[in-house]
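These protein sequence lines are chains Y and C, in that order.
Note that numbering that gives the first Met the number 0 has the first sequence beginning at 0, numbered continuously upward.
Note that numbering that gives the first Met the number 0 has the second sequence beginning at 0, numbered continuously upward.
Errors might be hidden in some of the hints.
[To be verified] With a Cα cut of at most 25 Å, we get these calculated BS3-like pairs of lysine-lysine:
#, chain 1, residue 1, chain 2, residue 2
1, C, Lys207, C, Lys99
2, Y, Lys5, C, Lys106
3, C, Lys33, C, Lys106
4, C, Lys103, C, Lys174
5, C, Lys103, C, Lys207
6, C, Lys55, C, Lys107
7, C, Lys33, Y, Lys5
8, C, Lys174, C, Lys106
9, Y, Lys5, C, Lys207
10, Y, Lys5, C, Lys99
11, C, Lys107, Y, Lys67
12, C, Lys107, C, Lys33
13, C, Lys174, C, Lys33
[Unchecked claim] Here chain Y is said to cover these stretches of chain C; the calculated rule only asks that three of the stretch's residues, wherever they fall, bring their Cβ under 8 Å from a Cβ of chain Y:
#, stretch
14, 46–53
15, 197–206
Calculated from the structure, these hints are not laboratory results.
In this text, a Cβ means the ideal position worked out from N, Cα and C, and glycines have one as well.
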Amino acid sequence: MKSVRKIFEELIGLFIEDSSLAIGTIIWAAFAYMVIPHLPVSQALKGVIFFVGVIVILIENVARTIRKPS
Amino acid sequence: MIWPVVTASFLASLVEFVEALTIILAVGVVRGWKSALLGVAAAVVVLTLLVVLFAKALERVPLHSLQVAIGVLLLLFGIRWLRKAVLRAGGYLGLHDEAKIFEKTTKKLGEEANIKKSGTDPIAFGTSFQAVMIEGLEVIFIVIATGAGGNWLQASLGAAVAGLLVILLGLIVHKPLTQIPENSLKYAVGVILTAFGTFWIGEGAGIKWPGSDLSLVWMVIGYLLCSFFGVWLVRNRINSGTTAGAKS
Chain Y
0 MKSVRKIFEE LIGLFIEDSS LAIGTIIWAA FAYMVIPHLP VSQALKGVIF
50 FVGVIVILIE NVARTIRKPS
Chain C
0 MIWPVVTASF LASLVEFVEA LTIILAVGVV RGWKSALLGV AAAVVVLTLL
50 VVLFAKALER VPLHSLQVAI GVLLLLFGIR WLRKAVLRAG GYLGLHDEAK
100 IFEKTTKKLG EEANIKKSGT DPIAFGTSFQ AVMIEGLEVI FIVIATGAGG
150 NWLQASLGAA VAGLLVILLG LIVHKPLTQI PENSLKYAVG VILTAFGTFW
200 IGEGAGIKWP GSDLSLVWMV IGYLLCSFFG VWLVRNRINS GTTAGAKS
């Protein structure tokens, strides 16, 4: 049982290590699915908007992590 | 899109197989090979059953929904690796060290009581079973995710080659594969999986990527350049003395 629990925890840990990063990514993905396709911009720009958003999420998270008191 | 899929699946699976091998070697050396290999075999049987069940279930999911679901999981998986790789490369986190993990595992297993010289050792069986299950599930996910456009054969091929390579190297060296630059590999895999995740979410949402499948190339380059900026940010912060470096 302990082993199954450990495997389950590891499985969740595959995707979520920093909860704010995971939440930000999921929200942005939902935005990409529901909102970005309907924006009045070119198809190429829609992709670029989503891509840049992911970069912002990553860099903001890294910057916030290193600001935390150690 | 054959080579990006094979390469991504190969590199990501290679990392997982190396991690599994380190644990199995530690178990085999300290507690005996019979129980360690029995644990591996049991985990492989369970994983094979899971693959068959998954494959049947996945056939029923519409492609667009599958692309979005897999894209989200892949993006979470990739960005997590990329974040950690950036923090490691910048010196904020300590580097992943297979030799240290091997040493720690052998020490822990050596301290456990009841080392059986004959019969099945439950600790050895359980430890190697767990290691193969965890890393094996990751490999299954990598194959499903990187082959999400119907390229599962290519993705499976990449993972199979990685598995065979690690088994072969394990048989030859009988030591943890410390020569494989795991930290650099994880960095590269983080970049590639983040690009794949972004791509699949976009495809599922109906976004037409500039350059179609080739957009994966500019996305990989883009994420790589931005991650370099992240590394610079971390190093700058550490050098200014406002943040301590190398946590584990």
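query: Taking only the CA atoms, is the gap from Lys5(Y) to Lys207(C) under or equal to 25 Å?
result: It is violated: about 40 Å lies between the C-alpha atoms, which goes past 25 Å.
field: Restraint check for Lys5(Y) with Lys106(C), where alpha carbons must lie at most 25 Å apart
entry: Within the cut-off at roughly 20 Å; holds.
message: Would the hint linking Lys207(C) and Lys99(C) be met if the CA-CA limit is 25 Å?
response: This hinted pair is violated, its Cα atoms lying about 46 Å apart.
- prompt: Under a C-beta cut-off of less than 8 Å, do 3 or more residues of the stretch 46–53 of chain C approach chain Y closely enough to confirm the stated coverage?
  reply: violated (count 0)
message: Hinted pair, alpha-carbon criterion (25 Å max): Lys107(C), Lys33(C). Please report holds or violated.
response: holds (19 Å)
task: Given the hint that Lys103(C) pairs with Lys174(C), test it: the Cα-Cα distance must not exceed 25 Å.
output: holds (14 Å)
- prompt: Is Lys33(C) close enough to Lys5(Y), meaning Cα to Cα at most 25 Å?
  reply: holds (23 Å)
Proposed proximity, Lys107(C) with Lys55(C) (alpha carbon, max 25 Å): violated (40 Å)
field: Pairwise hint evaluation, Lys33(C) against Lys174(C), where the allowed Cα distance is 25 Å at most
entry: Roughly 18 Å separates the two Cα atoms, so the pair holds.
query: Does Lys99(C) lie within 25 Å of Lys5(Y) when you go C-alpha to C-alpha?
result: holds (21 Å)
- prompt: Given the proposed pairing of Lys103(C) with Lys207(C), does the C-alpha separation stay at or below 25 Å?
  reply: Not OK: Lys103(C) and Lys207(C) at ~49 Å, beyond 25 Å, violated.
- prompt: With a Cβ-Cβ cutoff of 8 Å, does the stretch 197–206 of chain C contain at least three residues near chain Y?
  reply: holds (count 7)
Hints 1, 5, 6, 9, 11, 14 from the earlier list are contradicted by this structure; the remaining hints agree with it.
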